[in-house]
Amino acid sequence: MNISRLKRAFGSNYLALIAVTAAVSLLFYILNHDFLALDNIKNIMNAMSFTGTITVGMALLLIAGEVDLASGAEACFGGIVCAIAIQAGLPWPLALVAALAFGACCGFINAFFVNVVHIMGFICTLGILGIYNGLVSVVTDNHPVPAYVPSFWKLGSATVFGIFPLPFVIMVVLMVAYGLVLTRTNFGRNIFMIGGNRRAARLCGINPSRIVTALYVNNGMLAALAGVILTARMHNASPMAASTGAIDAITAAVLGGISFLGGVGGMGGCFIGILLITVFSAGLTAIGLPSYWQIVAQGAILVFALSADFFNSKARRKRLERDEIKRRREFARNKEES
Amino acid sequence: MKKIAVIALALIVAMTLALGACSKDNEKEPEKEMVVDTEKSDTVGYVTDDVDHFARDPYNFVYAYYDESALVDATFAAFEVTGKAYNFSITRMSGNESPETYMQNLQTLIDRGDVDGFFLDTDPQFQDRLMEALDKSGIPYMNMYTAFFDANGSCIRPTVGMKQYDAGYATGQWLVDNYKAYWGEDVDTSTIGLLNIDFSVSPDLQARTNGITDAFLKEFPDNEDNVFVVDGLTGGTVSAEVGYDLSSQTVTANSKIKKWLVSSCLENYAQGAARAAEALGRDADFLISDVGSIILQDEWNNGYDGAWKSCLAISDYAYCVPGAVGLIAMVDGRATPETLWEAERDPKDKCTIWAAENQMVTKDTYKEYFAKIDSTYGVG
Amino acid sequence: MMTFLKSKNAILLFFLIALIVIFAALSGGGTLRPSNIINILQSITIVSLLTIGAGTLMIAGEIDLSLGGIGTMSSFVAALLLKQGVPWFAALVAAVAVGAFIGLINGFLVNELGFQSFIATLATASITTGAGYIFTSGLAVTIEDPTFRFIGNKLLFGYIPFSVLIAIIALIVYAMLLNKTKFGRSVYLVGGNRVAARLGGLKPKKVLYGLFINAGALAALAGTLLASKLLVANTVGITSSQFAGLTAAILGGISFGGGTGGMGGAIIGIMVLSCFNNGMTMVNIPPYWQTVASGALLLAAITLDFVTTSRRNKSEVKA
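Protein chains in written order, with our numbering: chain E, 729 to 1066; chain L, 66 to 445; chain D, 1240 to 1558.
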């Protein structure tokens, strides 16, 4: 891999975000040296993994111009299905499969409303969110459903190479895999095209409905997976879990450069987005900032990071324009001389 | 578009005219005469009250709570069982965590006209408006868990509750009394820290948190720097995950603390802390307690034996039965809010706070405790 | 008349009437009692103001999630000022000004810094909510001023809540604004196709500024009205009504950046939502099922709209 490709991969959109993340980490380290201790980093990795897994599915949907506001509820429901299956005596891998199947069904339902009934994703998933929130409470009687099988808990607490928590590794693997799909495969390119201009995509022979369905099903399954991993970590599935899952995921994705209108973005940005949010909130706790100021700070960091990104893009564009003008002048001059 | 505005306006005008036409139907029932039999006043509203509850038609009560939780569910289930023993039916009403929705729904039920009494379980922030609406309707009500105080700190409505500060203090006290049993006699007390998971916007929960901190500082007055009060509000929801994240982040960011005493005003947060202790592999360095016993009971029933060793047991029947009996006495007319449970009253209060039984329990003592409560109150 | 009957709003109106009839039957006439109707009317004020703000922004293709935080913070501002003895009118104006200012910030973030409105308003929501907590140390603030209490609670002629008048006036004013004025038309155009609008000589940025400021001011008014109704400015405020406002706008036929929908539909959407919530409580539907039902209502209404629209399109094509 030569240097210019590496530069392009990083220096492009994510420089501002990376810089902000590094600056914030440094700041917290100065205020509390334990912040970059191994234990704390493991914590951050753990905390990232839930939202991160949901963001993978959400990012694909956003790039295609759709959204799923019910992701958090789907994750919660997936965890509950898994826990109920375990209580019924199923071995946990089967319970996991059951949860994934359930997530896929949720995806199909979403896709139905979006494709057949032509409801905007935002609206239909808003309605479905209400339905799932209520159903989750009905099904569990508002009690957490225990998942008391110690071998299952390994899913949430095992570490790879002794350092990286398993949920984090799963998230990274998913991100890399889906990132490759987005950039290397036809399917990925089609997703971008649908997001950019759906009618044009259809005229090119792509079938948007089929792709959107696939994306919703995929999102449902990823959300259910996230829910199952959370259940493994908590040893039970709570009906109150993951209530802000969708909003957190969308925030991380948008922070990472994905636009609501679709057509742009990538997995690298998502990773940095989640990293920044999690590092920041862990840091606030580490320095013991009073809680009300923490809430203000959570909003402020979004403004700060996105502004930095905005100014960086503007500067980049100006630089590119200047280089282009310089190049053209050179070319014209050379032409004159010859 | 003009047509829409005209039609909408017409609808509203029509409704208003309808009000005028129908107003005669809405005569309120005459206020019930409150009869208080002074001879029996020391048993009125008690379990030992000598009243045949089945000599009357069943009452229709509503349990009006502010937001969903496992506690609310357990309370409702306990009310259903109590209702069979004391001849009343119970339905539920939720405020969806919003005072506006709470008031709205309460008003709807008042207007429906078939509710005989309310059990209120709500945030006292909007108590003035609440009492105004209920007093106007004449329907008696009993406060559960949270009391209404006036500006002088005097309780103004009968409540079945607990002293929040004392409840928190009791868990803190248990921790400082028992840590030696788990950590040995010669622990360096300067490395002991307190992790106190708060939810600051609720005055009741904040009172518990204050109790926990004070109990710790009374035992370890030099450890003020080791007290970490973290607010669950920053996580957005009351769930174990928030407790988990806050606990593990605080613990790993403060490596100078070797031993952690943990307590919380909410059991969900304590559960998160227990998970964090396990995940960090430091069960031996943690000792966790909390106010509230539903979740820990479940865990114990499933065989849990980790750092979360005790909790303040709140048996639902210890709350629901006195509450029900008291409310029935008010609806029957045998007591008024001011005369109910006069014998239990704290002199500074205008109305009584019935301090429901609670007790610190551990894995060895909880079954016994709950069995005792069940037999005392004769239900469940 | 026939075109009206076939229009979207007519379908919604029938839907509303059907709802009222069904709940009246299920509750044995309870929902039609005068006291209950007053209750319903009292509930529509807050939602209406939020629907107008959120709805107009939706027509222009933006979303505003900070209305809850703005309303709550403004109510704190008003309550704290009243406690200092400031006259009620000044406190009200101050609260609305605060709301408008935050709307201005939202507009700035979206227009000048290129933020997506979703994230910009989410950030502002966090900041205003946190600021509100800081001002009041997390406690509620009582409102003692009699005029304020009057605004929130008084029943004119014993029946009509005063706050309903405010809602009706606001709805009519904004309906006229959207339909009769140049600004209103530009809102639709900006929503339909922003690039075309700019090329056509409109200034989308100015329009968006206006809409955000307007939404902020209305949210502040709603928050203050709620505080006066409850007699306290509390930490929850109108946060929970925020999504109700959005839902009512969607129910009323306003679609995202589609440049369609209007206040007429919004009124019906608000009524549908309020009657539905009231009816469910009247009939004693358990709270969990109420959440499910609200979600189902949204889906049902939109599906109904789709079914009738496509049928209408088919019949038009045939003709």
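Calculated directly from the structure, the hints in this document are not laboratory data.
From a predicted model like this one, the values you see are computed outputs, not experimental measurements.
Heads up, the beta-carbon is just placed ideally off N, CA and C, and yes, glycines get one too.
You may find that some hints are simply not true.
[To be verified] Result set (DSS-like, lysine-lysine): computed pairs, CA atoms no more than 27 Å apart in a straight line: (1) L:K228 <-> L:K437; (2) D:K1322 <-> E:K1042; (3) E:K770 <-> L:K323; (4) D:K1445 <-> E:K1046; (5) E:K1063 <-> E:K1046; (6) D:K1442 <-> D:K1247; (7) L:K413 <-> L:K324; (8) L:K437 <-> L:K321; (9) D:K1444 <-> L:K201; (10) E:K770 <-> L:K321; (11) L:K374 <-> L:K283; (12) D:K1393 <-> D:K1421; (13) L:K374 <-> L:K413; (14) L:K324 <-> L:K149; (15) L:K428 <-> L:K201; (16) L:K374 <-> L:K415; (17) L:K413 <-> E:K770; (18) E:K882 <-> L:K283; (19) E:K770 <-> E:K882; (20) D:K1442 <-> E:K1046; (21) E:K882 <-> L:K201; (22) L:K245 <-> L:K413; (23) L:K415 <-> L:K323; (24) D:K1419 <-> D:K1442; (25) E:K1046 <-> D:K1444; (26) L:K324 <-> L:K374; (27) D:K1393 <-> E:K1042; (28) L:K437 <-> E:K882; (29) L:K428 <-> E:K882; (30) D:K1393 <-> D:K1419; (31) D:K1419 <-> E:K1042; (32) D:K1419 <-> D:K1444; (33) L:K149 <-> L:K245; (34) D:K1322 <-> D:K1393.
[To be verified] Derived CB-CB ranges, DEER-like: (35) E:L755 <-> D:V1522: 13 to 21 Å; (36) E:H846 <-> L:D215: 55 to 63 Å; (37) D:E1383 <-> E:K1042: 37 to 45 Å; (38) D:K1421 <-> E:S987: 39 to 47 Å; (39) L:E197 <-> D:F1253: 19 to 27 Å; (40) E:K882 <-> L:E250: 46 to 54 Å.
Each hint, compared with the structure:
no.	hint	verdict
1	L:K228 <-> L:K437	21 Å, holds
2	D:K1322 <-> E:K1042	47 Å, violated
3	E:K770 <-> L:K323	18 Å, holds
4	D:K1445 <-> E:K1046	26 Å, holds
5	E:K1063 <-> E:K1046	26 Å, holds
6	D:K1442 <-> D:K1247	30 Å, violated
7	L:K413 <-> L:K324	41 Å, violated
8	L:K437 <-> L:K321	43 Å, violated
9	D:K1444 <-> L:K201	51 Å, violated
10	E:K770 <-> L:K321	18 Å, holds
11	L:K374 <-> L:K283	21 Å, holds
12	D:K1393 <-> D:K1421	37 Å, violated
13	L:K374 <-> L:K413	36 Å, violated
14	L:K324 <-> L:K149	48 Å, violated
15	L:K428 <-> L:K201	48 Å, violated
16	L:K374 <-> L:K415	38 Å, violated
17	L:K413 <-> E:K770	52 Å, violated
18	E:K882 <-> L:K283	40 Å, violated
19	E:K770 <-> E:K882	16 Å, holds
20	D:K1442 <-> E:K1046	24 Å, holds
21	E:K882 <-> L:K201	58 Å, violated
22	L:K245 <-> L:K413	39 Å, violated
23	L:K415 <-> L:K323	48 Å, violated
24	D:K1419 <-> D:K1442	18 Å, holds
25	E:K1046 <-> D:K1444	23 Å, holds
26	L:K324 <-> L:K374	15 Å, holds
27	D:K1393 <-> E:K1042	54 Å, violated
28	L:K437 <-> E:K882	39 Å, violated
29	L:K428 <-> E:K882	25 Å, holds
30	D:K1393 <-> D:K1419	33 Å, violated
31	D:K1419 <-> E:K1042	39 Å, violated
32	D:K1419 <-> D:K1444	21 Å, holds
33	L:K149 <-> L:K245	46 Å, violated
34	D:K1322 <-> D:K1393	21 Å, holds
35	E:L755 <-> D:V1522: 13 to 21 Å	56 Å, violated
36	E:H846 <-> L:D215: 55 to 63 Å	57 Å, holds
37	D:E1383 <-> E:K1042: 37 to 45 Å	51 Å, violated
38	D:K1421 <-> E:S987: 39 to 47 Å	30 Å, violated
39	L:E197 <-> D:F1253: 19 to 27 Å	38 Å, violated
40	E:K882 <-> L:E250: 46 to 54 Å	36 Å, violated
This entry does not satisfy hints 2, 6, 7, 8, 9, 12, 13, 14, 15, 16, 17, 18, 21, 22, 23, 27, 28, 30, 31, 33, 35, 37, 38, 39, 40, going by the numbered hints stated previously.
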